Amino acid sequence: RHMEPREVQRIGEAMASLSSISNEQVETVLAAFHEDASALNPLGLGASEFTRRVLTNALGESKARSMLAKVMPGKQQTSGIEALKWMDPGAVAELLEDEHPQIIAIVLASLDEEQSAQVLVNIPEPVRSEALLRVARLQVIDPAAMEELDKVLEKQLGKVRKTPPRSVNGMTSAAAILNNIKADIESELLGSLKEADADLGEKVSELMFVFDNLTELDDRGMQRLIREIAVDSLVIALKGVDDQLQDKFFNNMSSRAADMLREDLEAKGPVKLAEVEAAQKEILAVASRLSDEGEITLGKGGDDFV
3 RHMEPREVQR
13 IGEAMASLSS
23 ISNEQVETVL
33 AAFHEDASAL
43 NPLGLGASEF
53 TRRVLTNALG
63 ESKARSMLAK
73 VMPGKQQTSG
83 IEALKWMDPG
93 AVAELLEDEH
103 PQIIAIVLAS
113 LDEEQSAQVL
123 VNIPEPVRSE
133 ALLRVARLQV
143 IDPAAMEELD
153 KVLEKQLGKV
163 RKTPPRSVNG
173 MTSAAAILNN
183 IKADIESELL
193 GSLKEADADL
203 GEKVSELMFV
213 FDNLTELDDR
223 GMQRLIREIA
233 VDSLVIALKG
243 VDDQLQDKFF
253 NNMSSRAADM
263 LREDLEAKGP
273 VKLAEVEAAQ
283 KEILAVASRL
293 SDEGEITLGK
303 GGDDFV
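For the sequence shown, the numbering used here assigns the number 3 to the initial residue and increments by one for each residue that follows.
Think of the hints as simulated: they come from the structure by calculation, not from any bench.
Just so you know, these numbers come straight off a predicted model, no measurement behind them.
By construction, the Cβ of each residue, glycine as well, lies at the ideal position given by its N, Cα and C atoms.
It is possible that part of the hints are untrue.
Distance condition first, Cα-Cα at most 16 Å in a straight line; then the derived EDC-like pairs of lysine to aspartate or glutamate [claimed, not checked]:
| id | residue 1 | residue 2 |
| --- | --- | --- |
| 1 | 241 | 279 |
| 2 | 241 | 218 |
| 3 | 241 | 277 |
| 4 | 157 | 99 |
| 5 | 157 | 230 |
| 6 | 250 | 218 |
| 7 | 250 | 214 |
| 8 | 250 | 277 |
| 9 | 153 | 197 |
| 10 | 184 | 230 |
| 11 | 283 | 208 |
| 12 | 283 | 221 |
| 13 | 87 | 132 |
| 14 | 241 | 220 |
| 15 | 250 | 261 |
| 16 | 283 | 220 |
| 17 | 270 | 234 |
| 18 | 241 | 204 |
| 19 | 274 | 234 |
| 20 | 196 | 214 |
| 21 | 184 | 265 |
| 22 | 157 | 96 |
| 23 | 87 | 116 |
| 24 | 196 | 132 |
| 25 | 87 | 114 |
| 26 | 283 | 234 |
| 27 | 153 | 230 |
| 28 | 241 | 284 |
| 29 | 241 | 265 |
| 30 | 283 | 199 |
| 31 | 157 | 100 |
| 32 | 250 | 220 |
Taking CB as the label site, the calculated pair distances span [to be verified]:
| id | residue 1 | residue 2 | range |
| --- | --- | --- | --- |
| 33 | 88 | 126 | 17 to 27 Å |
| 34 | 96 | 218 | 27 to 37 Å |
| 35 | 24 | 221 | 34 to 44 Å |
| 36 | 275 | 245 | 12 to 22 Å |
| 37 | 90 | 271 | 24 to 34 Å |
| 38 | 277 | 88 | 18 to 28 Å |
| 39 | 27 | 280 | 14 to 24 Å |
| 40 | 230 | 262 | 52 to 62 Å |
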């Protein structure tokens, strides 16, 4: 009951994949669990949760909520938002379809990216584009906005709880949401965002595609990209990246070219982080151009293949 929805989902998937389990496996797991559990505090729950329960039992829900807002600022959560995390994205979209785009934006920024993406897909235009624009512009969620959201959720779900303001990175949220949407809808929404606010749209676009995403390129696409980039830029860009991405480049070169690149990487001394990021950004710009020209395909969550 204390797990996040995603944690429950992962456990459910793991349970469904199990076949036969030996007694030895059961004993091993139980022993590991006992060792981990012994390291927890004797109350068996976090201090915040324990405090919440004690005050609620002693003072009642209303007074406890007021006291918790003072003693644990920033740790109170909107029960309505928590309820939405367990709902089907289509049902959440239906719940929000008649609400103001700012309300929808706050909800989207409060859910995890995958669920937010599916909720957004189910919201019709032009509200969908307006809601994403407002997500990208979020920096601080105002208490008044949270109270308005609580009123909406109180009407729909029957629960309300006040929440103090909290900082959010709206551009990162918008980029993460778009990364989980099919390419055709993502392109439409990003275009609308850039039309409404060109600078903001460009920043969100940059956040959507990072250097590690190049591991998702197929071999043909990687080979096409390598032909377009300078070796000197690649040497700098690969400094400090994980082995998986380096191997992705090595495996799509000739043996001689890969050996030379490895030697260049080993011989290259320390490089400033700013230089690495600049080189990576340069390569990403090439990848984006090739993608726009249809030369390579950048993987998108939810894309269909035939």
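Hint by hint, here is what the structure shows:
no.	hint	in the structure
1	241 <-> 279	10 Å, holds
2	241 <-> 218	19 Å, violated
3	241 <-> 277	10 Å, holds
4	157 <-> 99	14 Å, holds
5	157 <-> 230	56 Å, violated
6	250 <-> 218	9 Å, holds
7	250 <-> 214	11 Å, holds
8	250 <-> 277	21 Å, violated
9	153 <-> 197	32 Å, violated
10	184 <-> 230	27 Å, violated
11	283 <-> 208	9 Å, holds
12	283 <-> 221	21 Å, violated
13	87 <-> 132	22 Å, violated
14	241 <-> 220	22 Å, violated
15	250 <-> 261	14 Å, holds
16	283 <-> 220	20 Å, violated
17	270 <-> 234	10 Å, holds
18	241 <-> 204	26 Å, violated
19	274 <-> 234	15 Å, holds
20	196 <-> 214	24 Å, violated
21	184 <-> 265	40 Å, violated
22	157 <-> 96	14 Å, holds
23	87 <-> 116	11 Å, holds
24	196 <-> 132	12 Å, holds
25	87 <-> 114	8 Å, holds
26	283 <-> 234	14 Å, holds
27	153 <-> 230	54 Å, violated
28	241 <-> 284	14 Å, holds
29	241 <-> 265	12 Å, holds
30	283 <-> 199	22 Å, violated
31	157 <-> 100	13 Å, holds
32	250 <-> 220	9 Å, holds
33	88 <-> 126: 17 to 27 Å	24 Å, holds
34	96 <-> 218: 27 to 37 Å	33 Å, holds
35	24 <-> 221: 34 to 44 Å	40 Å, holds
36	275 <-> 245: 12 to 22 Å	19 Å, holds
37	90 <-> 271: 24 to 34 Å	54 Å, violated
38	277 <-> 88: 18 to 28 Å	46 Å, violated
39	27 <-> 280: 14 to 24 Å	50 Å, violated
40	230 <-> 262: 52 to 62 Å	18 Å, violated
Checked against the numbered hints given earlier, the structure breaks hints 2, 5, 8, 9, 10, 12, 13, 14, 16, 18, 20, 21, 27, 30, 37, 38, 39 and 40 and satisfies all the rest.
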